[in-house]
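We have chain A; now place chain B onto it with these hints.
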Amino acid sequence: MITFITEAISVLRLSCREHGEVISRACDHELPAGARFGMSVHQTYCTGCRRLSRWYRVVTQGARNLPPGQVPHPAARMPADVRERLGRFIASSKRNGGDV
Amino acid sequence: MMEINSSRVQELPPDQWLSVHGESLWRFAMSRLNRVDYAEEVLQETFAAALAGFSRGEFDGRSSLLSWLTGILRHKVADVQRRRNVASIDENGPASSCYDERGKWRVMPESVVEAKPSEREEFARIYQSCLSNLPAPTAQAFELRVIGETPTERVCELLDISPQNLWVRLHRARELLRLCLQTRWMGEGKKQR
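Heads up: the sequence lines are chains A and B, in that order. 4 is the number of the first residue of the first sequence in our numbering; add one for each residue after it. 2 is the number of the first residue of the second sequence in our numbering; add one for each residue after it.
Warning: the hint list may mix true and false statements.
Said to hold, decoys possible - Derived list of chain B stretches under chain A, where covered just means 3 residues or more per stretch with a C-beta under 8 Å from a C-beta of chain A:
| # | stretch |
| --- | --- |
| 1 | 19 to 28 |
| 2 | 60 to 73 |
| 3 | 77 to 84 |
| 4 | 98 to 107 |
| 5 | 111 to 117 |
| 6 | 171 to 182 |
To be verified - Quick list of the computed label-pair ranges, beta carbon to beta carbon:
| # | chain 1 | residue 1 | chain 2 | residue 2 | range |
| --- | --- | --- | --- | --- | --- |
| 7 | B | Ser65 | A | Leu15 | 44 to 50 Å |
| 8 | B | Glu123 | A | Tyr48 | 31 to 37 Å |
| 9 | A | Leu69 | B | Met187 | 16 to 22 Å |
| 10 | B | Val114 | A | Tyr48 | 21 to 27 Å |
| 11 | B | Gly188 | A | Asn68 | 17 to 23 Å |
| 12 | B | Gly54 | A | Asn68 | 44 to 50 Å |
| 13 | A | Arg80 | B | Glu120 | 25 to 31 Å |
Unchecked claim - Not the full set, but computed from the structure, chain A residues with beta-carbon under 7 Å of chain B:
| # | residue |
| --- | --- |
| 14 | Thr9 |
| 15 | Ile12 |
| 16 | Leu15 |
| 17 | Ser18 |
| 18 | Arg20 |
| 19 | Tyr48 |
| 20 | Gly51 |
| 21 | Leu55 |
| 22 | Trp58 |
| 23 | Val62 |
| 24 | Gly65 |
| 25 | Ala83 |
| 26 | Val85 |
| 27 | Glu87 |
| 28 | Arg91 |
| 29 | Phe92 |
If you are wondering where the hints come from, they were derived from the structure by calculation, not from laboratory data. None of these values were measured; they are calculated from a predicted model. By construction, the Cβ of each residue, glycine as well, lies at the ideal position given by its N, Cα and C atoms.
The shape of chain A in the complex, shown without the other chains:
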């Protein structure tokens, strides 16, 4: 019980900015019960965090609803068409002596 109260109070002391990470952890079911309670209490009076919580649920659900086999590899690799255009740009700029 003491742990529960301590966790709740520690979450209630957080700013809205810090609260974002707590909401994110809750989406992954990684939040202890007391912290979850503190988060719920904060959201009863904070519209911004309540909306953020709703957004994070949509974002999390969206990831889990992606059609099988269509999950993109979300690595930040340069798309092939961008690479091609940049390659052409460098080649043409070089021909102009780098004066672009």
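Just chain B now, kept in the frame of chain A:
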């Protein structure tokens, strides 16, 4: 990661800059701008400035070529952020400009408009596009933990990071996706409805 010694750096001709350093520069640009079109614009401006500077002998080889290019890119990113009115994505978090100095909301999130059944395909298309624009470390964590539902301990082992670091990355991923969807789904999606 490819390491290049200083003598090789000096010899690296401009037509190899893209193949050797393109991905590093791309990740840097995407991590700050989070949009493919802006990142392409900024890389083109960076290469233009670098080529001009290189032909004037401004690269003296004292720093690595990648550091020199990144320095130029950093300025170009700031230019694009000003020109395009892009919120700065800094080390304090992607939505740091949404909060005041005490951490209270300055710009609250918009209310979510969830996709109707007839709009789900469109939502998924925009979602995938937003997902593909996440910076690599954030994307990896999100892909493994949220999409793949891999347990936290396993993700931490695979990425060699602490649970705290993983939670920060997942929060960052959700925040970037929220900002992207808020702009694109609530923007484009609403216009089309």
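Taking the hints in turn, this is what the structure says about them:
Given a C-beta distance limit of less than 8 Å, the hint that chain A covers the stretch 19 to 28 of chain B holds, as 5 residues qualify and 3 suffice. For the stretch 60 to 73 of chain B, the proposed coverage by chain A is not satisfied: 0 residues have a C-beta within less than 8 Å of a C-beta in that chain, short of the threshold of three. Coverage of a stretch by a chain is defined here by at least three residues with a beta carbon nearer than 8 Å to that chain's beta carbons; for the stretch 77 to 84 of chain B and chain A the count is 0, and the condition is violated. Check on the stretch 98 to 107 of chain B: 5 of its residues sit with their Cβ under 8 Å from a Cβ of chain A, so the three-residue criterion for coverage holds.
With 4 residues having a Cβ less than 8 Å from any Cβ of chain A, the stretch 111 to 117 of chain B passes the three-residue criterion, so the hint holds. Coverage of the stretch 171 to 182 of chain B by chain A holds [criterion: at least 3 residues with CB-CB distance below 8 Å; count 7]. A hinted range of 44 to 50 Å for the beta carbons of B:Ser65 and A:Leu15 is consistent with their spacing of about 48 Å. Checked against the hint of 31 to 37 Å, the C-beta distance between B:Glu123 and A:Tyr48 comes to roughly 35 Å, which is consistent with it.
Between A:Leu69 and B:Met187 the beta carbons are some 20 Å apart, a value that agrees with the proposed interval 16 to 22 Å. Separation of B:Val114 from A:Tyr48 is about 24 Å and conforms to the stated range, judged on CB atoms against 21 to 27 Å. Judged by the Cβ atoms, the range 17 to 23 Å given for B:Gly188 and A:Asn68 holds: they are separated by roughly 21 Å. Range check, B:Gly54 to A:Asn68: Cβ separation about 48 Å, and the 44 to 50 Å hint holds.
For A:Arg80 paired with B:Glu120, a C-beta distance near 29 Å keeps the hint of 25 to 31 Å intact. The interface hint given for A:Thr9 is broken, as the beta carbon of that residue sits about 19 Å from the closest beta carbon of chain B, more than 7 Å. The restraint placing A:Ile12 at the interface with chain B is violated, with a minimum CB-CB distance near 17 Å, outside the 7 Å limit. A distance limit of 7 Å between C-beta atoms decides the matter here; for A:Leu15 the minimum to chain B is near 14 Å, and the interface restraint is violated.
Using the Cβ-Cβ criterion of 7 Å, the hint placing A:Ser18 at the interface with chain B is satisfied: the shortest such distance is roughly 3 Å. Annotation: interface hint on A:Arg20 holds; nearest CB of chain B at approximately 4 Å, less than 7 Å. For A:Tyr48, the interface hint is violated, since its Cβ never comes within 7 Å of a Cβ in chain B; the closest pair sits about 12 Å apart. A cut of 7 Å between beta carbons decides the hint on A:Gly51: the least distance to chain B is about 4 Å, and the hint holds.
Against a cut-off of 7 Å between C-beta atoms, the interface hint on A:Leu55 holds, since the closest Cβ of chain B lies about 5 Å away. Because the closest C-beta pair between A:Trp58 and chain B is about 4 Å apart, less than 7 Å, the hint holds. At about 5 Å, the closest approach between the beta carbon of A:Val62 and any beta carbon in chain B falls short of 7 Å, and the interface hint on this residue holds. With its C-beta approaching chain B no nearer than about 5 Å, A:Gly65 sits inside the 7 Å limit, and its interface hint holds.
A cut of 7 Å between beta carbons decides the hint on A:Ala83: the least distance to chain B is about 12 Å, and the hint is violated. Residue-level restraint check for A:Val85 holds (minimum Cβ-Cβ distance to chain B is 5 Å; threshold 7 Å). Hint on A:Glu87 is violated. Least Cβ distance to chain B is approximately 10 Å, over the 7 Å limit. For A:Arg91, the shortest C-beta to C-beta distance to chain B is roughly 10 Å, which exceeds 7 Å, and the interface hint is violated.
Of the supplied interface hints, the one on A:Phe92 holds, with its beta-carbon coming within about 6 Å of a beta-carbon of chain B, less than 7 Å.
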